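**Student:** Start from the sequences, fold in the hints, and give me the full structure.
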Amino acid sequence: VGTSLTVIVINATAGLLGQWWSGGWAQVHIDVPTVAITIAGGIVGSIFGGALARRIPQAALRSTFALLLVIAGIGLAAKHLLTAV
1 VGTSLTVIVI NATAGLLGQW WSGGWAQVHI DVPTVAITIA GGIVGSIFGG ALARRIPQAA
61 LRSTFALLLV IAGIGLAAKH LLTAV
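Under my numbering, think of the first position of the sequence shown as 1, with each following residue one higher.
Derived by calculation from the structure, the hints in this document are not laboratory data. Small disclaimer: the values here were computed from a predicted structure and weren't measured. Please note: incorrect hints may appear among the correct ones.
[Stated by the list, open to error] Just the calculated beta-carbon pair ranges, DEER-fashion: (1) I74 with Q19: 27 to 37 Å; (2) W20 with H80: 29 to 39 Å; (3) P57 with A84: 11 to 21 Å; (4) I10 with G75: 43 to 53 Å; (5) I8 with L69: 13 to 23 Å; (6) W20 with A60: 27 to 37 Å; (7) I71 with F48: 13 to 23 Å; (8) A84 with I56: 31 to 41 Å; (9) G73 with V7: 13 to 23 Å.
Even glycine gets a Cβ: it sits at the ideal position worked out from N, Cα and C.
**Tutor:** Next comes the structure, spelled out in structure tokens:
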């Protein structure tokens, strides 16, 4: 988790600096309420998720996450196949 977060921070910083240096800020619209809601949701979710993860057995967490990924993958594949026709 820590390694992936480090990569995300590096990529986000590079994108931010690239946008700033290219003078592209005039074309950027940031929806502040949406950003605020997303940040608040992330903070609340990380607090509750961390507490919940300590109470649920690791095997159950892995199985549930694997099932969620399979469902998401099937949904994405179905969407792609249905729109490709």
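**Student:** Evaluate each hint against the coordinates.
**Tutor:** Each hint tested on the structure:
1. About 35 Å separates the C-beta atoms of I74 and Q19, a value consistent with the hinted range of 27 to 37 Å.
2. Taking the beta carbon of each, W20 and H80 are about 34 Å apart, inside 29 to 39 Å as hinted.
3. Checking the proposed 11 to 21 Å range against P57 and A84 shows it is violated: the Cβ atoms sit about 40 Å from each other.
4. Distance hint for I10 and G75: a CB-CB separation of about 30 Å, inconsistent with the stated range 43 to 53 Å.
5. Checked against the hint of 13 to 23 Å, the pair I8 and L69 passes, with Cβ atoms roughly 18 Å apart.
6. The beta-carbon spacing between W20 and A60, approximately 44 Å, falls outside the hinted interval of 27 to 37 Å.
7. Take I71 and F48: their Cβ atoms lie about 22 Å apart, and the range 13 to 23 Å holds.
8. Separated by about 38 Å at the C-beta atoms, A84 and I56 satisfy the suggested range of 31 to 41 Å.
9. For G73 paired with V7, a C-beta distance near 22 Å keeps the hint of 13 to 23 Å intact.
Checked against the numbered hints above, the structure breaks hints 3, 4 and 6 and satisfies the rest.
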